[in-house]
Amino acid sequence: MLEIRNISKHFGGIKALDNVTLSLNQNEIVGLIGPNGSGKTTLFNVICGLLKPDKGHIFFNGKEITNLSPEKISRLGISRTFQGTRLVEDLTVIENIIIATLPLTNSYDKAEELARTVINKLGIEKIGEVKVTALTHYERKIVELARTIACKPKVVLIDEIMAGLSEEEQQNIAEIMVWMKKEMNATIFWIEHIIRAMIKLVKVDRIIALESGKLIAEGKPEEVITNKNVIEAYLGITNV
Amino acid sequence: MEITNIFFIIFLSLQIGLIYGLIALGFNLLYSSTRIINITYGDFITLSGYITFWLYSLYNISPFLSLGISSFFLILFTLPFFYILEKFVLSSKNILYIEIWGVIITFGFSIFLQGTMSYLWSAQSRSYAYLDNVIDFFGVSFLLNKFLTTIVAALLIFLLYFLLFKTNIGIMLRGVIQDPELASNLGLNMRKIFLIAFIISSFIASISGVLLSMSFEINPFMGSIYLILAFVIAVVGGIGNPLGSLISGILFGFVDVIISYTIGPSLKFFIIYSLLLLILIYRPWGLMGRGVRYA
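In order, the protein sequence lines correspond to chains V and E. Mapping the first sequence onto my numbering, position 212 (from 1) lands on 206, and the numbers just tick up by one. Mapping the second sequence onto my numbering, position 260 (from 1) lands on 264, and the numbers just tick up by one.
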């Protein structure tokens, strides 16, 4: 469904992505792990068009999207959340979701209807009219996820959504992600440092590991987390 | 000071303040959504003033009718202006590039427009008298045209409030103003939103030009003064905050009128720019802007 071929991206002398090749299949959840600075968020930024790669190609359902603008990529069905949450702070919760549904409908009423369906589904209708500046960290994460769901995406890129959440909150988010896979038939590509949430709560289908911009491991979760290269990348040693 | 004088000063401050607020809002809206510092903005105001002046002087067409006629022509003029800026400036992802080349290109347009207006209509100041009879309002005497311009400005502000806060265009514009990268990532049609911002900004400039021409003299170079005022008021109110521009505009209206009545008009701009300096030192994000933390 999403093919990434030989993607490289440099920032000055730093190789943020070095010849990365991977693919995502329809209706799977793939975890993306790696130490800080390994190129995970850069890869997301390249996929959704915020950064142009120096080299390589990206294909979505067979169509090349490498140099398309973020808005065109979003309209094709690739949606994302951001590390640390990114909402329009002057708007209410419902308006933050409407802004994402407007490009789908071009009618305010239909966009609002769609947005309300999503917040009802996620059980956050009570905070619908609240300004997002008044939300808790967890509520902000849910709103961002709701906005992503409202875009009706085929591929969702989720960036460190579990950071700073309690176990109960992580459980709730995990349930939403599993629902997105089952009910929306979405493909989820998920950056996370909390490996337990990936394996125990969401039960990802695969994990891909990056280090210094290079893909160092890929496969079933239990294989990747015991991979020598992955342990070395995270801990700097191979025998613990 | 008599109570009627106080009412008069309040009314006059509101009249000037609402127009200042409008001017700053149009400038702010365009800059914060597109990052184009439109140097031609003041000349749009001048052009609208001239359209109104000539329509009234030659054909006796009411300035209130000119609100529509002038807006139509200015929006028509905005379309090629937008396409040039879109092609050569807005297509860049680099904000610094947009800001610098936006200034250079619109500065060129500004010189061209000022030169053309000066060539066509000479550099002399012009004015016209329309509805300049005195009316009595709760014991305070006003010129009818000033009273009506205040009402039109207030109505337009209400219309803009509705547009920005109650419509899908408003939500998209506010989204783009606050986080253009996010807006683009959500699939918003950035080109369409930029065009809307240009049209709204030109519409506001056009209405402001008509209203100003009803009370003040016009000349080909007056746009520069209003451009600087728009910039100062928008910065003081907070770039990216439409409400901030309006409140800051009203504040400047009061400062303008009170200084003119008490100390004298010669010190007006000294005090206004001192106020800007203080704001830039102690609250650089403006009275109602949101502070930005730099890493």
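No wet-lab data here; the hints were simulated from the structure. Warning: the hint list may mix true and false statements.
[Said to hold, decoys possible] Taking lysine to aspartate or glutamate and the EDC-like style, the derived pairs with C-alpha atoms no more than 16 Å apart in a straight line are: (1) V:K197 x V:E22; (2) E:K170 x V:E169; (3) E:K170 x V:D103; (4) V:K214 x V:E22; (5) E:K170 x V:E177; (6) V:K66 x E:E185; (7) V:K146 x V:E177; (8) V:K46 x E:E185; (9) E:K97 x E:E221; (10) E:K97 x V:E65; (11) E:K196 x V:D103; (12) V:K146 x V:E107; (13) V:K46 x V:E65; (14) V:K115 x V:E169.
Predicted model, so just to flag it, every value in this text is computed and none were measured.
Status of the hints after comparison with the structure:
no.	hint	verdict
1	V:K197 x V:E22	holds (10 Å)
2	E:K170 x V:E169	violated (34 Å)
3	E:K170 x V:D103	holds (12 Å)
4	V:K214 x V:E22	holds (12 Å)
5	E:K170 x V:E177	violated (33 Å)
6	V:K66 x E:E185	holds (13 Å)
7	V:K146 x V:E177	holds (11 Å)
8	V:K46 x E:E185	holds (14 Å)
9	E:K97 x E:E221	violated (41 Å)
10	E:K97 x V:E65	holds (13 Å)
11	E:K196 x V:D103	violated (20 Å)
12	V:K146 x V:E107	holds (14 Å)
13	V:K46 x V:E65	holds (14 Å)
14	V:K115 x V:E169	holds (12 Å)
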